[in-house]
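S.K.: Listed here are the chains, written in short residue letters.
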Amino acid sequence: KNEVEQSPQNLTAQEGEFITINCSYSVGISALHWLQQHPGGGIVSLFMLSSGKKKHGRLIATINIQEKHSSLHITASHPRDSAVYICAVRNSGGGADGLTFGKGTHLIIQP
Amino acid sequence: DAGVTQSPTHLIKTRGQHVTLRCSPISGHKSVSWYQQVLGQGPQFIFQYYEKEERGRGNFPDRFSARQFPNYSSELNVNALLLGDSALYLCASSLLAGKTGELFFGEGSRLTVL
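Protein chains in written order, with this note's numbering: chain W, 30 to 140; chain B, 9 to 122.
If you're looking for bench data, these hints aren't it; they were derived computationally from the structure.
These figures come from a predicted structure and were not determined experimentally.
Backbone N, C-alpha and C fix where the C-beta goes; we use that ideal spot for every residue, glycine too.
Any given hint could turn out to be false.
Reference listing, derived: stretches of chain B covered by chain W, where coverage requires no fewer than 3 residues with Cβ under 8 Å from a Cβ of chain W [what the hints assert, rightly or not]: (1) 20 to 31; (2) 83 to 90.
Simulated restraints, written as ranges between beta carbons of each label pair [claimed, not checked]: (3) B:Leu19 x W:Glu46: 17 to 25 Å; (4) B:Phe68 x W:Gln43: 35 to 43 Å; (5) B:His18 x W:Ile89: 41 to 49 Å; (6) W:Thr41 x B:Glu83: 34 to 42 Å; (7) W:Gln43 x B:Glu83: 44 to 52 Å; (8) B:Gly11 x W:Ala105: 22 to 30 Å.
Calculated cross-link-like contacts (lysine to aspartate or glutamate; reagent style EDC-like; alpha-carbon spacing at most 20 Å) [as the list claims (entries may be wrong)]: (9) W:Lys83 x B:Glu115; (10) W:Lys132 x B:Glu115; (11) W:Lys84 x B:Glu110; (12) W:Lys82 x B:Asp70.
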C-alpha cells in the first residue's frame, strides 16, 4: 500500500509570501498529481509530474523520484490561492489503476 | 466544451436506501473513475472503468457497484446505505486508462445519509 503524506496540514500566510507544500510517498510511482480543491468541492488538476519540474504561472511543482518527494510552490501568493491542495500518486506496480491521495493542505492567504 | 458533469449535485437519503450517481465524461474521454471523499479527508479510489470494462477497484464493499455505458457515461450505485457513506462522490475522466493520463474532475455529488 502506498502511503501519501502531506505537510503542513494547515498553512496561513500573508498575501505576497512564498508558499511551499510538501508531499512524500512510500512506494514506486508512475506519476504524481497536484490538485486544487475549493470549498464547493470541485477539484482542478494543477500538475501531473513523473520527473523534474513544471511551472504554470505562479505555481511550480518539483519531484525527486529517488527521495520519493514532491513540492508545490506558490510565488507572490494571493487570497484567491486559498484552497485545499492535494497530492495524489499513481502506483507504478499492478493493481487498481486509481490514485492514492494525501489528506490535503488547507491554505489560507490573508490580505 | 463541457467538462465532466455529475448529477445530482446534492441528495439526502436514509439508512438502508439505495442511491445512483451519474457522471458524463469530457467528450472523447473513454475512462471514468470514481472517488469517495469523506469530510476532512483526501479522496479514496472506488472504481475505474475504461471502454465499458472495470479496470480497477478500491477497497470498498460489494454494496458499491458501477457500470459504464456505450457513450462512456457512468453510474455509481450504492445499496443498503450506511451513515458512513455520507461523503462527496467525485468522478474523473481521462482520455485513456493508462498510468500517465491527466485527470479532469467533476464538481461532485454530495450525499448525506440520515
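S.K.: Compare the structure with each hint and give your call.
M.R.: We went through each hint and held it up to the structure:
Coverage of a stretch by a chain is defined here by at least three residues with a beta carbon nearer than 8 Å to that chain's beta carbons; for the stretch 20 to 31 of chain B and chain W the count is 0, and the condition is violated. Here the stretch 83 to 90 of chain B counts 0 residues with a CB under 8 Å from a CB of chain W, which misses the bar of 3, and the coverage is violated. Hint check: Leu19 (chain B) to Glu46 (chain W), Cβ distance near 40 Å, so the stated range 17 to 25 Å is violated. Against the hinted window of 35 to 43 Å, the Cβ-Cβ separation of Phe68 (chain B) and Gln43 (chain W) comes to about 42 Å, which satisfies the hint.
At roughly 36 Å, the beta carbons of His18 (chain B) and Ile89 (chain W) sit outside the given window of 41 to 49 Å. Taking 34 to 42 Å as the suggested C-beta distance range, the pair Thr41 (chain W) and Glu83 (chain B) conforms, at roughly 40 Å. Distance hint check for Gln43 (chain W) and Glu83 (chain B): the Cβ-Cβ separation is about 46 Å, which falls inside the suggested range of 44 to 52 Å. Distance hint check for Gly11 (chain B) and Ala105 (chain W): the Cβ-Cβ separation is about 28 Å, which falls inside the suggested range of 22 to 30 Å.
Among the hinted pairs, Lys83 (chain W) with Glu115 (chain B) is inconsistent with the structure: their alpha-carbon atoms are about 25 Å apart, more than 20 Å. Distance restraint check for Lys132 (chain W) and Glu115 (chain B): the Cα-Cα separation of roughly 18 Å lies within the 20 Å cut-off, and the hinted pair is therefore satisfied. Taken as a hint, the Lys84 (chain W) and Glu110 (chain B) pair is honoured in the structure, with Cα atoms around 16 Å apart against an allowance of 20 Å. At most 20 Å may separate the alpha-carbon atoms for a hinted pair to count; Lys82 (chain W) and Asp70 (chain B) exceed this at roughly 40 Å.
Against the hints set out earlier in the document, violations occur for numbers 1, 2, 3, 5, 9, 12.
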